[in-house]
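Q: With the hints as constraints, model all of the structure from the sequences given.
Chains as they are written, first to last, in the UniProt record's numbering: chain D, 1 to 128; chain W, 1 to 128; chain U, 1 to 128; chain R, 1 to 128; chain Y, 1 to 128; chain G, 1 to 128.
Keep in mind that the hints are not guaranteed to be accurate.
Copies of the same chain look alike in the list, so a pair counts if it works inside one copy or between any two.
Keeping only pairs whose Cα atoms sit at most 20 angstroms apart, straight-line, the calculated SDA-like set for lysine to any residue is [claimed, not checked]:
1. Lys115 / Gly14
2. Lys115 / Ser2
3. Lys115 / Ala27
4. Lys115 / Glu10
5. Lys115 / Gly126
Treat the hints as calculated values from the structure; they're not laboratory data.
Number of protein chains: 6
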Amino acid sequence: MSEREQVGREVMLGLGIDPDAVIASVAPLDDRFGTTIVEYAFGDIVSRPGLDLRTRQLVTLALLAAQGGCGPQLDTHIPATLRAGATRAEIVALFVHLTPYVGIPRSLNALYQAKELFAAADSQEGTP
Amino acid sequence: MSEREQVGREVMLGLGIDPDAVIASVAPLDDRFGTTIVEYAFGDIVSRPGLDLRTRQLVTLALLAAQGGCGPQLDTHIPATLRAGATRAEIVALFVHLTPYVGIPRSLNALYQAKELFAAADSQEGTP
Amino acid sequence: MSEREQVGREVMLGLGIDPDAVIASVAPLDDRFGTTIVEYAFGDIVSRPGLDLRTRQLVTLALLAAQGGCGPQLDTHIPATLRAGATRAEIVALFVHLTPYVGIPRSLNALYQAKELFAAADSQEGTP
Amino acid sequence: MSEREQVGREVMLGLGIDPDAVIASVAPLDDRFGTTIVEYAFGDIVSRPGLDLRTRQLVTLALLAAQGGCGPQLDTHIPATLRAGATRAEIVALFVHLTPYVGIPRSLNALYQAKELFAAADSQEGTP
Amino acid sequence: MSEREQVGREVMLGLGIDPDAVIASVAPLDDRFGTTIVEYAFGDIVSRPGLDLRTRQLVTLALLAAQGGCGPQLDTHIPATLRAGATRAEIVALFVHLTPYVGIPRSLNALYQAKELFAAADSQEGTP
Amino acid sequence: MSEREQVGREVMLGLGIDPDAVIASVAPLDDRFGTTIVEYAFGDIVSRPGLDLRTRQLVTLALLAAQGGCGPQLDTHIPATLRAGATRAEIVALFVHLTPYVGIPRSLNALYQAKELFAAADSQEGTP
Numbered sequence: 001m002s003e004r005e006q007v008g009r010e011v012m013l014g015l016g017i018d019p020d021a022v023i024a025s026v027a028p029l030d031d032r033f034g035t036t037i038v039e040y041a042f043g044d045i046v047s048r049p050g051l052d053l054r055t056r057q058l059v060t061l062a063l064l065a066a067q068g069g070c071g072p073q074l075d076t077h078i079p080a081t082l083r084a085g086a087t088r089a090e091i092v093a094l095f096v097h098l099t100p101y102v103g104i105p106r107s108l109n110a111l112y113q114a115k116e117l118f119a120a121a122d123s124q125e126g127t128p
Numbered sequence: 001m002s003e004r005e006q007v008g009r010e011v012m013l014g015l016g017i018d019p020d021a022v023i024a025s026v027a028p029l030d031d032r033f034g035t036t037i038v039e040y041a042f043g044d045i046v047s048r049p050g051l052d053l054r055t056r057q058l059v060t061l062a063l064l065a066a067q068g069g070c071g072p073q074l075d076t077h078i079p080a081t082l083r084a085g086a087t088r089a090e091i092v093a094l095f096v097h098l099t100p101y102v103g104i105p106r107s108l109n110a111l112y113q114a115k116e117l118f119a120a121a122d123s124q125e126g127t128p
Numbered sequence: 001m002s003e004r005e006q007v008g009r010e011v012m013l014g015l016g017i018d019p020d021a022v023i024a025s026v027a028p029l030d031d032r033f034g035t036t037i038v039e040y041a042f043g044d045i046v047s048r049p050g051l052d053l054r055t056r057q058l059v060t061l062a063l064l065a066a067q068g069g070c071g072p073q074l075d076t077h078i079p080a081t082l083r084a085g086a087t088r089a090e091i092v093a094l095f096v097h098l099t100p101y102v103g104i105p106r107s108l109n110a111l112y113q114a115k116e117l118f119a120a121a122d123s124q125e126g127t128p
Numbered sequence: 001m002s003e004r005e006q007v008g009r010e011v012m013l014g015l016g017i018d019p020d021a022v023i024a025s026v027a028p029l030d031d032r033f034g035t036t037i038v039e040y041a042f043g044d045i046v047s048r049p050g051l052d053l054r055t056r057q058l059v060t061l062a063l064l065a066a067q068g069g070c071g072p073q074l075d076t077h078i079p080a081t082l083r084a085g086a087t088r089a090e091i092v093a094l095f096v097h098l099t100p101y102v103g104i105p106r107s108l109n110a111l112y113q114a115k116e117l118f119a120a121a122d123s124q125e126g127t128p
Numbered sequence: 001m002s003e004r005e006q007v008g009r010e011v012m013l014g015l016g017i018d019p020d021a022v023i024a025s026v027a028p029l030d031d032r033f034g035t036t037i038v039e040y041a042f043g044d045i046v047s048r049p050g051l052d053l054r055t056r057q058l059v060t061l062a063l064l065a066a067q068g069g070c071g072p073q074l075d076t077h078i079p080a081t082l083r084a085g086a087t088r089a090e091i092v093a094l095f096v097h098l099t100p101y102v103g104i105p106r107s108l109n110a111l112y113q114a115k116e117l118f119a120a121a122d123s124q125e126g127t128p
Numbered sequence: 001m002s003e004r005e006q007v008g009r010e011v012m013l014g015l016g017i018d019p020d021a022v023i024a025s026v027a028p029l030d031d032r033f034g035t036t037i038v039e040y041a042f043g044d045i046v047s048r049p050g051l052d053l054r055t056r057q058l059v060t061l062a063l064l065a066a067q068g069g070c071g072p073q074l075d076t077h078i079p080a081t082l083r084a085g086a087t088r089a090e091i092v093a094l095f096v097h098l099t100p101y102v103g104i105p106r107s108l109n110a111l112y113q114a115k116e117l118f119a120a121a122d123s124q125e126g127t128p
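A: This is the structure:
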């Protein structure tokens, strides 16, 4: 295992993202690309000093929400952003902050997805 | 002047953005829209509690860089983000952070613009 | 209730969009943003003189279709555009008109959604 | 000359767009594509019944402004939209109308380009 | 039937895309647009000499994956690209190739869709 | 120098792109990111087997043209695509092929840039 992969795996585990699940999700198609994601996105980029992880994750959410069509990625990164120390209220404030720059539809769709994720997490927690 | 406009103007002045210049830039076309930008973008949204101004501005830069074609807005918001307390190094780290999510071209173009703005600011300062 | 909210609510009701439903849809996350949408999008912008409501709504549909991933917004705005005085044939002509400028996929996806909405409305009407 | 090309040429001339200039602009690269644009965009699509030309052109402007990076196309289509019967005030209202759906930057950049085009037209007219 | 439509139909049939199904899918809304797609996209453009069909289809997949929200079009064009002579491995390599230019989310979403399509094709084939 | 960087440098040199120039272009801002581009974009991704370099470069051009605002990247990658074995006519055919999928404006802007680059190359060659 490369050093970059080790760094990437640590960053992912700190965010509650399972690197082996990411790798497995593309393994039937390509036996290398999943590892490249771990090495590059998390090992080379997200692990960099210069910006704290909480801010990085808020920016990641903004980029995913703004481009649209990233439902699966928001499912992964909304919980990861909470793990990185952001609060639900900050994630909501973030998605509201998008509107002057990319318009209301992208903002609302991200808020609706956050609402469902938060509700699902609460109902799971509340299960006796 | 509405309370929202007052709030918006204060936020803008804190970021080193001149509200009257924004209003004047569209005034030959529309005598109301510039004020709406002050009231809405800065008075309603950016002024909200729930996310600190420095984080907001970093997110704004990410959204401008990611959508491309926002050179004039980056010219305004890169200095504004420095005013909001972010460092040059954080802005650079932010633009590098874009790459796994929106690709290298948007990231590089924002970095090149930042490089020119920083150099222009330094050379202005260095003028005896 | 602000004057802008009152204006916005009237515009929305004229389009058959329930302002309280919009506000309620984000209320679990944020008690203010729904009202901001009413005030800003409908009170400040859509209510403006200078462009008739039917043209505005056709433009809104074009913008939603062109950016993709706005299914929920098209569900709201296709009926609203009919309320504003456009015909089904005009909405179809509009989505066809997109193709030279943004390509066929965005156009087809909007047409498929319109087809389903029109069929659902017809079958509901036909219910004895 | 195909019937579609004839129809396309008439539509273009009605909008003040020179079909031969469009064809010439790509002729050094491809001797067919310019004609395809005339035939398809203007002959097949813009010439269709079902939506009046003024509304079509306003929608075209909205699509060009919203995707960004279409300066050369706005240079062509802003005057064409005036030719189609829209007023300057309507074009301004249109660009302002973009903001709730695609954000303020795209709206402002289109307004700035319109401002320059209008000023250039006025100064040309004013030349003694 | 125009010559362009004939050419377009042949290209489509060679790709395993049924022109009548495309025409039928929009016929309830517009009795002409489906034919325009056959004539223009396949008759005027894809049929052109200058680039082989396999390369054209790989480029088409890249464009659909990169803009997001084109699930229905990928469902049509992934099998069509296999028909044009590309292998599954090349389609996977293509979607991986997107990442430096448009980011990992668009790449992953296309890969996930390809994975499902390939699995569905295999299970259908494997049915005794 | 990592093995990935070595691989990336070889790929770049084969395409006529100077890795040291890329690294130098961001070095005043960040002493690591330029190397990451060499390692990741060219070492990890473009160097992969599974798709020939000429096809990869044509896809890269399509992605750059389609997203707009990538003038500097097209300046680099149009010559690189010629180096990879594609002809000028294929690049033109590629940009024409974009239109059914992303619209005519993105296609035309890429063609105009190619026209200028080709003319500049020819005039340079023609200099006695």
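Q: Against the structure shown, which of the earlier numbered hints fail to hold, in ascending order?
A: Violated hints (numbers, rising): 1, 2 and 4; every other hint is consistent with the structure.
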